[in-house]
Amino acid sequence: MLLHYVTGLGIVIAGGVHLFTVFLTGPYLQNLAFSGGAYSVISVYRNIILAVTLEVLLLFVDYHALNGIRVILIEFHQGEAWERGVSWTLIVAGILLLIYGTRTILIANALA
Amino acid sequence: MTEPLISELKKAFRGWFLPFKYNLERWAYALQRLSGIVVTGYFLAHIVETGNVVGGLSVWSVPSTDMARDIWTATFHFLDNPLFDTGLVVIGFMLAYHTINGIRLTLAEFGFLEGKASRPDFPYEAKSLSKVQRAIFWLSILFAVATTVYAINVFFGV
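From first to last, the protein sequence lines are chains A and B.
The first sequence finishes on residue 112 if you use my numbering, and the numbering steps up by one all the way, no holes.
The second sequence finishes on residue 158 if you use my numbering, and the numbering steps up by one all the way, no holes.
A few of these clues could be false.
Stated by the list, open to error - Derived list of chain A stretches under chain B, where covered just means 3 residues or more per stretch with a C-beta under 8 angstroms from a C-beta of chain B: (1) 33-42; (2) 98-107.
As the list claims (entries may be wrong) - Which chain B residues face chain A? A few, computed with CB under 10 angstroms, are given here: (3) Trp27; (4) Arg33; (5) Val39; (6) Leu44; (7) Ile47; (8) Val53; (9) Thr73; (10) Phe78; (11) Pro82; (12) Phe84; (13) Thr99.
In short, the hints are calculated from the structure, not lab data.
Just so it is clear, CB atoms sit at the ideal spot from N, CA and C, and this is done for glycine as well.
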């Protein structure tokens, strides 16, 4: 539960930076174009600080969201099989999402 | 313990997400959970969507920039319509409420700004929801509404 609060506060900071770069640094449509502006998609991934912020955000949101789902589901029903099934499914889903998201960040950072 | 799983889950769901006859704090927590679930759904969709920046699920090494640009532009054009923009406005509301109320809950977990416990007298209001906690809750509603207005302005130009 403590990690839930810590990741929550981390998301406020990293998510704040992410939303700032998307919405508050120029026209929203320009920031969602592939390239062409200072904060367009590829420019953000190539900036090492913003890319690391996105990776940290991915990790924190991944944990916070899936642990939140786990807390809700286990509060509905407690039992060996139920708890094990819920925990393992969510852990596997979390790891898959983390791998896919990190792949996106690494490859986009390396795009010429 | 002896009732079947499905009926227990149904009762638990109704108790948590339809907390009629409970106080404000319980409703705030129910909305916190609901907004958490909605935003988790958005998180999954967002990871899939941003995966298309480099070309999608089949790309595991650095592709050509042109292919990535084409696939991302096509994805963005698919998503740039009023239906999904409305969805984003809803997500904005949920996320803003979840954040500020989450801060209120974090403070409460560590004992800050709670009301003092005392003998429950009529009308038996929960002492835990002190004035400052209640103020932060209404701040979370205000922030969520402000975010919604801003989002409508960004996406629909109103």
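Consistency of the hints with the structure:
1. 33-42: holds (count 5)
2. 98-107: holds (count 5)
3. Trp27: violated (16 angstroms)
4. Arg33: Holds, because the Cβ-Cβ distance from Arg33 of chain B to chain A comes to roughly 6 angstroms (cut-off 10 angstroms).
5. Val39: holds (7 angstroms)
6. Leu44: At about 7 angstroms, which falls below the 10 angstroms cut-off, the nearest Cβ of chain A leaves the hint on Leu44 of chain B intact, so it holds.
7. Ile47: holds (5 angstroms)
8. Val53: Since chain A brings a Cβ to about 5 angstroms from Val53 of chain B, closer than 10 angstroms, the hint holds.
9. Thr73: At 6 angstroms from the nearest chain A Cβ, Thr73 of chain B passes the 10 angstroms test, so the hint holds.
10. Phe78: The hint is violated - Phe78 of chain B has no Cβ within 10 angstroms of chain A, the shortest such distance being about 13 angstroms.
11. Pro82: With a closest approach of 15 angstroms, the Pro82 of chain B hint is violated.
12. Phe84: Violated, because the Cβ-Cβ distance from Phe84 of chain B to chain A comes to roughly 12 angstroms (cut-off 10 angstroms).
13. Thr99: With a closest approach of 6 angstroms, the Thr99 of chain B hint holds.
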